[in-house]
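Throw the hints in and build the complete structure from the sequences for me.
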Amino acid sequence: MAVLTRVRWWRGTILALAAVYFVGPLLAAAKFSFEESDGSYGVDNYLQVVRDVALRDALVTSLEIAALTTVVVLALMVPTIVWVRLRAPRLALTLESVTVLPIVIPPVVMAAGLASLQGKAPAWLANLLFASPLTALTPFYVILAMPFTYRALDAGVRAIDLRTLVEAARGLGASWPAVLGRVVLPNMRSAVLGAAFLTVALVLGEVVISRILLYTTFPVQIVQTGQSSAGVSVALSLASLVLTWLLLVLVSFAGGRRTGR
Amino acid sequence: MTAVRMSGVRREFGDVTALAGLDLELAPGELVALLGPSGCGKTTALRILAGFERPDAGRVELDGRDVTGVPAAKRDMGMVFQAYSLFPNMDALTNVAFGLRMRKQPAAVRRRRAAELLELVGLGAHGDRYPHQLSGGQQQRVALARALAVEPTVLLLDEPLSALDALVRHQLRGEIRRVQQALGITTLFVTHDQGEALSMADRVGVMRAGRLEQLGPPEAVYAHPATPFVAEFVGTMNRLAGELRADGRVLVLGAALVAQDAGDRPVGARVDVLLRPEAIGVDPDEAGAARVRERTFLGSVTRLVVAMPEGGEVVAEVPSPAAGADVGAPVSLRVLADRALVADPLGAAAAPRPLAAAPA
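Protein chains in written order, with the working numbering: chain A, 1 to 261; chain B, 262 to 621.
No lab work stands behind these hints, which were simulated from the structure alone.
These figures come from a predicted structure and were not determined experimentally.
You may find that some hints are simply not true.
[Unchecked claim] In silico SDA-like links for lysine to any residue, alpha-carbon gap of 20 angstroms or less:
{"id": "1", "chain 1": "B", "residue 1": "Lys365", "chain 2": "A", "residue 2": "Arg6"}
{"id": "2", "chain 1": "B", "residue 1": "Lys335", "chain 2": "A", "residue 2": "Trp176"}
{"id": "3", "chain 1": "A", "residue 1": "Lys31", "chain 2": "A", "residue 2": "Ala19"}
{"id": "4", "chain 1": "B", "residue 1": "Lys365", "chain 2": "A", "residue 2": "Thr164"}
{"id": "5", "chain 1": "A", "residue 1": "Lys31", "chain 2": "A", "residue 2": "Gly226"}
{"id": "6", "chain 1": "B", "residue 1": "Lys335", "chain 2": "A", "residue 2": "Gly181"}
{"id": "7", "chain 1": "A", "residue 1": "Lys31", "chain 2": "A", "residue 2": "Tyr41"}
{"id": "8", "chain 1": "B", "residue 1": "Lys365", "chain 2": "B", "residue 2": "Gly383"}
{"id": "9", "chain 1": "B", "residue 1": "Lys335", "chain 2": "A", "residue 2": "Ser132"}
{"id": "10", "chain 1": "A", "residue 1": "Lys31", "chain 2": "A", "residue 2": "Ala239"}
{"id": "11", "chain 1": "B", "residue 1": "Lys365", "chain 2": "A", "residue 2": "Trp176"}
{"id": "12", "chain 1": "A", "residue 1": "Lys31", "chain 2": "A", "residue 2": "Leu243"}
{"id": "13", "chain 1": "B", "residue 1": "Lys365", "chain 2": "A", "residue 2": "Leu180"}
{"id": "14", "chain 1": "B", "residue 1": "Lys335", "chain 2": "A", "residue 2": "Thr164"}
{"id": "15", "chain 1": "B", "residue 1": "Lys335", "chain 2": "A", "residue 2": "Arg163"}
{"id": "16", "chain 1": "B", "residue 1": "Lys365", "chain 2": "A", "residue 2": "Ala19"}
{"id": "17", "chain 1": "B", "residue 1": "Lys335", "chain 2": "A", "residue 2": "Arg182"}
{"id": "18", "chain 1": "B", "residue 1": "Lys335", "chain 2": "A", "residue 2": "Ser175"}
{"id": "19", "chain 1": "B", "residue 1": "Lys365", "chain 2": "A", "residue 2": "Pro139"}
{"id": "20", "chain 1": "B", "residue 1": "Lys335", "chain 2": "A", "residue 2": "Pro177"}
{"id": "21", "chain 1": "A", "residue 1": "Lys120", "chain 2": "A", "residue 2": "Ser132"}
{"id": "22", "chain 1": "B", "residue 1": "Lys335", "chain 2": "B", "residue 2": "Ser299"}
{"id": "23", "chain 1": "B", "residue 1": "Lys365", "chain 2": "B", "residue 2": "Gln343"}
{"id": "24", "chain 1": "A", "residue 1": "Lys120", "chain 2": "A", "residue 2": "Pro139"}
In structure tokens:
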């Protein structure tokens with residue numbers, strides 16, 4: 001009994017410490033974001049976020065990149081993982097190591113590599129790729145997202161009896177696209193949503209590369225806004241944090257509905 | 262006219278030979294069961310017919326058309342798997358209609374046909390259930406309906422009952438056979454359960470190490486096994502020491518039986534005589550040297566395990582009213598058959614020993 005009480009006491013203490021550590025700064029930031037220049041409280045900073053055209057443009061750019069990156073990553077990873085599981089299980093380990101590379105190689109190095117390509121590439125290629133942040137950054141983020149999406153999708157594939165489902169569908173006359181689109185993807189919804197969510201979060205948070213390559217994406221713009229007006233920047237960070245949480249709740253809700261039995 | 266012909270089909274996995282030149286023909290409307298221990302190649306044969314595996318050598322023909330290189334999606338096969346294979350994201354009706362959808366049938370046709378087939382397998386009222394809302398037996402019924410919905414040329418059953426509990430398994434056996442006969446669909450059924458094979462099939466093929474040991478009607482496979490392996494794999498089989506005589510008969514338990522498969526063994530050779538439990542009579546006999554060791558009442562028959570004086574045991578099944586001997590009682594044994602398969606003794610000591618491969 002005494003042991004149990006002590007365990008509970010410890011648990012409570014650690015929880016409380018963690019809560020202070022995580023929630024404290026958030027509360028401070030929230031208080032700061034609601035402060036107005038004359039010392040009173042109001043929603044001025046948040047209104048400014050909505051009105052700021054540069055921010056809105058940057059957000060649209062980033063959302064476009066996020067959407068395209070997600071589509072490309074899924075289109076590449078899902079068939080690859082299914083193929084490796086069914087036909088080349090020996091390659092699974094290799095694939096796993098390859099997908100970790102983007103974590104091992106610092107983003108700065110990758111950005112430097114891309115910058116040198118920008119300089120040396122023939123004009124038509126440079127125009128095609130680097131004229132807009134969408135075409136310039138998406139290939140990058142696809143690679144950066146690989147470690148996370150691979151793991152999320154691999155876990156999703158492990159959770160279903162892939163071989164049997166694929167063979168059942170093939171035996172009933174389904175083409176490979178139909179197998180993937182109608183059978184495999186719908187049965188790993190939560191994994192796909194998780195991978196998509198991780199990709200979006202990555203794109204909305206990546207500063208280093210886009211800044212080095214001089215593209216104004218949403219996170220870059222937050223940093224810039226923060227340098228001129230701290231209150232707006234903090235309001236923005238809080239708003240995007242809440243948005244992320246909402247997305248997370250949505251994903252786990254959507255994923256849990258079907259798989260839960 | 263053959264619906265399916267596999268000729269000289271070979272398949273190797275690494276240095277394991279799964280199929281060593283399989284020849285198999287199925288007549289239209291026939292149910293053939295492939296029976297054998299695990300690793301005998303029966304599942305590989307089925308998967309090659311389905312198109313999920315490519316043979317290293319040999320041909321696969323459907324209705325006289327060579328399909329050896331045709332992918333699974335274009336073979337028009339209906340398959341029921343051992344594992345639950347319904348698509349979890351679709352209800353039962355949509356599952357059954359899936360094959361028709363892939364064949365671009367109009368929605369109305371798909372729904373009507375799927376509903377008919379669910380009715381056929383006795384699940385007409387369960388069309389809106391999702392797989393996780395169905396029991397194992399119901400899932401396999403839906404899987405059967407789904408396989409049949411596309412009107413396949415051949416129905417392939419890959420141990421579809423092995424994940425179910427005994428009661429459901431027995432029910433579904435009859436159900437599958439009824440549906441198969443009603444539709445007259447050519448069926449290849451793979452199982453390691455001899456009860457299933459013997460009770461459902463028109464012909465049973467016993468496989469061993471990638472080859473067919475025997476292919477024939479269930480009664481023939483049971484009563485006249487072609488090889489000692491078949492004899493001991495299908496049903497329970499006793500091995501009793503016997504001696505070959507000059508007239509082609511073999512002497513065992515005081516009876517002279519026609520020796521089958523004796524080959525060119527010399528007269529006087531020591532052989533094992535293979536006898537079914539029901540081919541041995543057990544009589545209470547005060548002078549008998551054998552003793553009843555176990556007695557199991559099975560309803561119409563009683564199974565007696567008899568300890569022989571020279572060592573070893575013999576399993577006999579006698580009609581229950583005639584099973585007078587109690588455990589420990591002295592008995593004498595009698596052979597009720599007039600012919601028996603002979604085999605080389607297993608070990609140096611040719612003492613009688615029963616080999617119960619699997620309880621029949």
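Here is what the structure says about each hint:
1. B:Lys365 / A:Arg6: Measuring from Cα to Cα gives roughly 67 angstroms; hence the hint is violated.
2. B:Lys335 / A:Trp176: 12 angstroms, holds
3. A:Lys31 / A:Ala19: 17 angstroms, holds
4. B:Lys365 / A:Thr164: With a Cα-Cα distance of about 23 angstroms, the restraint between B:Lys365 and A:Thr164 is violated, given a limit of 20 angstroms.
5. A:Lys31 / A:Gly226: 16 angstroms, holds
6. B:Lys335 / A:Gly181: Holds, at roughly 19 angstroms.
7. A:Lys31 / A:Tyr41: 9 angstroms, holds
8. B:Lys365 / B:Gly383: 26 angstroms, violated
9. B:Lys335 / A:Ser132: Violated, because 45 angstroms separates the two Cα atoms, which is more than 20 angstroms.
10. A:Lys31 / A:Ala239: Judged against 20 angstroms, a Cα distance of about 13 angstroms means the pair holds.
11. B:Lys365 / A:Trp176: OK: B:Lys365 and A:Trp176 at ~16 angstroms, within 20 angstroms.
12. A:Lys31 / A:Leu243: Since the Cα atoms of A:Lys31 and A:Leu243 sit roughly 18 angstroms apart, the hinted pair holds (cutoff 20 angstroms).
13. B:Lys365 / A:Leu180: Within the cut-off at roughly 17 angstroms; holds.
14. B:Lys335 / A:Thr164: 18 angstroms, holds
15. B:Lys335 / A:Arg163: 18 angstroms, holds
16. B:Lys365 / A:Ala19: 57 angstroms, violated
17. B:Lys335 / A:Arg182: 18 angstroms, holds
18. B:Lys335 / A:Ser175: Roughly 9 angstroms separates the two Cα atoms, so the pair holds.
19. B:Lys365 / A:Pro139: Roughly 37 angstroms between the alpha carbons, so the hint for B:Lys365 and A:Pro139 is violated.
20. B:Lys335 / A:Pro177: 15 angstroms, holds
21. A:Lys120 / A:Ser132: Answer holds: A:Lys120 to A:Ser132 is near 18 angstroms, not above 20 angstroms.
22. B:Lys335 / B:Ser299: Violated. B:Lys335 to B:Ser299 sits at ~29 angstroms, over the 20 angstroms cutoff.
23. B:Lys365 / B:Gln343: Violated: B:Lys365 and B:Gln343 sit about 28 angstroms apart, past 20 angstroms.
24. A:Lys120 / A:Pro139: Status holds; Cα separation ~18 angstroms.
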